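Chains as they are written, first to last, in the UniProt record's numbering: chain C, 1 to 323; chain F, 1 to 423.
None of these hints come from the bench; they were simulated from the model.
Note that the coordinates shown come from a computational prediction; the quantities given were computed from them, not determined experimentally.
Mixed in with the good hints, there may be bad ones.
[Said to hold, decoys possible] Only pairs whose alpha carbons sit at most 25 Å apart, straight line, appear in this in silico SDA-like list of lysine to any residue:
id, chain 1, residue 1, chain 2, residue 2
1, F, K319, F, T84
2, C, K82, F, E419
3, F, K81, C, L51
[To be verified] If you want the ones that stay clear, here's a sample from chain C, every Cβ over 12 Å from chain F, calculated:
id, residue
4, K92
5, W114
6, L119
7, V139
8, K149
9, T303
10, F304
11, R310
Where is the CB? At the ideal position from N, CA and C, for every residue including glycine.
Chain by chain, the residues run as shown.
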Amino acid sequence: MTTTVDEAPGAVRPARRAGRRRPKMSKRRKKEAFFFWLFISPWLIGFVGFLLGPMIASVYISLTEWDSFTPPEWVGLDNYAKALTEDPIFWKALWNTFFYAAISVPLGLVIGVWLANLLNKRVRGRKLFRTFIYLPTLVPLVATAMVFKMVLAPSGPFNDMLGWFGIEGPQWLLSATWIKPALIILSVWGAGAATVLLLSAMNGIPRELYEAAEIDGASAWRQFWAVTFPQITPVIFFNLIMGLIGAFQIFSQVYILAPNNNVGGPDNASQMMVTMLFQEAFSFYHFGYASAVAWLLFLVIMTFTVIAFRTSRKWVFYETEVR
Amino acid sequence: MVDKVRWHTRAGIAATALLGVAGLTACGSGGGDDDGTLSMVVWGGDAEKETYQQRVDLIEAENPDIEIELQLIPSDQYEQKVQTMISGGDGPDIMQVAENVNSYSSKNQLVPLDEYIESSGLDMEQRFGPAGDLYSFEDQTFAVPDRSGAMVVFYNKDLFDAAGVEYPTAAWTQDDAHAAMEQLTVPGEQWGYGGAGWWAQWWSFAYQNGGQIIDDEGQPTANSPEVAEALQWANDLAHVDHVVPTPAEYADMGPDLGGDQAFAAQTVAMNTTGFWGIIGLAEADFNWGIAPMWQNEQQAVTGFGSGLAVTRDSENPEKAFEAIELLTDVEAQQVLIDNALDVPANLEVQQSDAFLHPEWAPEDLNMGAFGESSEFIIRAPFIPEWNEMMAAFDDNLGTFWNEGGDAQTELDKVQTQLESIIE
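Looking at chain C on its own, in the form it has when it is part of the complex (with noise of 0.2 Å):
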């Protein structure tokens, strides 16, 4: 605690403190620190009165019954075990959420990186193409839902283009087994948003890197993995964490995809955490079970990102750290 408050400006630094009691803030000191609980208080107040306050109430809640309208009662790790033990929907919907999330996100990751290298080649209209990639990010997701509606309709454009192949396209949407991969798409079409952040990072990594790695005799291909990749890892790494945290949330895709409204889908086949709790608090009133269900998914969010922390000193490649 007082390690965090002495990182205050105004605070009185580390080394002037050690061994001996703090010395009397300077006038210039109280001011400063006054308006840095000014200049704070508006984030400070929002963040404890309207995330904290609401988190802590939602534990409590978690671990009753509640229908928002009567007075909640206590039922103690009943939601946990439901969810986990008796509700076959929950399963579902946390296999769902894994299944979209475990495919869309490296695939989003590599489409990104893919386009960033294209895009960082010297062509004819690359700022053309550049704004081109960046588009699908600009539009309203409602809208890009509804020409979604259409592209993969039965006998939509998409099924056209795959028969050209002669791959008959299945229902999509209107398929259980499809209406994930659908969702996969759309997520993937949105893939510009990486590339724009990957791309500023590939501009900046060293024009000598490639020079010497080019005498050294290095294929472009060679290049990539040796020079850019490397260099790209903290931008890559930046995208993962936001990917996967982004793609386990996923909720108004689904909302506005999933066909007649039902945000299931055809036998809960689209049915994903947030939008199971949502269906479960607003629709049906049990705000305790969309409680619990909410702090799973934030478990399971926890464990990924954990996952991915860890995992990356063996693969994220910082500049500074080099000794």
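Got chain C; can you put chain F on it based on the hints?
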């Protein structure tokens, strides 16, 4: 000596925490206005806003002591919004309710109106007919019907004439309807009927067979032979008989397209839907008509409607009820017709000349179909777990509707789920 830095820090943290808590509690203590203004929430868009406002203005003009502040909430957000208002202690005085009414009444969020009904001398039976006790739960009345119209059969006269088929009537059986659908179908181009994938549609057939989704004791009977037969019939129309577009065929027509749009595009010759279908066809350049729903062993059809209820948060439930009473009286109900918004629940208005021959409808349109249907509207089971029940049907029947299959098998799954939902 107090360590100033530490003190500042603590004061800062304490102040933040306090403000945070204050912010939270502020949400909880909204309360209604004391100036006697009634707040009222309804769902819908611009058309609803205009109509409800006109009705409110009308009763305000004649009753100076009533003042209503109307709030429109988009339909898809209505439930969440109202739920948040109520659980925040800031519920409206008057709220619009429908199938989901008992989610609120069973949780003690609505004021039972029987006492007020009695003292005002309002005769529910006389004013609303069978719909009068639609919003009752455990022998208490929780809402007064406001809008109430049966589902009716829309038919394309041009297509019927071309195929030489007699127009539908209430005397039709399911078999007659089926025969007509076959005659009206041109494979790959035109279908006889828009389909019955929506609960309101196929439940009508189940009740026509003498089935029930929830029996009179409140127990689910969703997998009874009568219900299964109706569901099988409804789905086979698309996947076996091909007289109804399959979901895949609908998806090919356009995003979010259903029977209503397909009927307007003359792709299907018949469609079963509510009053709003008439407005949707205002600019149709073909001849069409409406008829009461066909039947089977008995006459049965789903009704669409909504009622007005008073919430627990109302500071003046008596006045709120007075306003509801006026809103469902002849004059204010008339606005529903004038604006072509919906079928008024008030029978006197429903049978009035204004409703039977409105200026916005094609001249020979059989508006009496609504009145005729009100005799056999089914009492849909408005259980407190309505939303969960809907989800149980949607989830389990999704693949069935999309790809066809055996109704009994799917309904057995639904039944199991319903049994666990309704304890």
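Results for each hint:
About 24 Å separates the Cα atoms of K319 (chain F) and T84 (chain F), which keeps this hinted pair within 25 Å; it holds. At roughly 17 Å between alpha-carbon atoms, K82 (chain C) and E419 (chain F) fall within 25 Å of each other, so this suggested pair holds. With a C-alpha separation of about 20 Å, the suggested pairing of K81 (chain F) with L51 (chain C) holds against the 25 Å cut-off. Not every CB of chain F is more than 12 Å from the CB of K92 (chain C) (nearest about 10 Å), against its label as outside the interface.
The claim that W114 (chain C) is not at the interface with chain F holds, since no C-beta of that chain comes within 12 Å of its own (minimum 30 Å). For L119 (chain C), the shortest C-beta to C-beta distance to chain F comes to about 32 Å, beyond the 12 Å cut-off, and the non-interface label holds. Distance check for V139 (chain C) against chain F: the nearest CB is about 15 Å away, which clears 12 Å, and the non-interface claim stands. K149 (chain C), annotated as away from the interface, has a beta carbon of chain F within 12 Å; the closest lies near 4 Å.
Residue placement check: T303 (chain C) keeps its beta carbon more than 12 Å from all beta carbons of chain F (closest about 28 Å). No Cβ of chain F approaches the Cβ of F304 (chain C) within 12 Å, the least distance being about 27 Å, so the stated non-interface status holds. At roughly 32 Å from the closest C-beta of chain F, the C-beta of R310 (chain C) stays outside 12 Å, upholding its exclusion from the interface.
Consistency with the previously given hints fails for numbers 4 and 8, ordered from lowest to highest.
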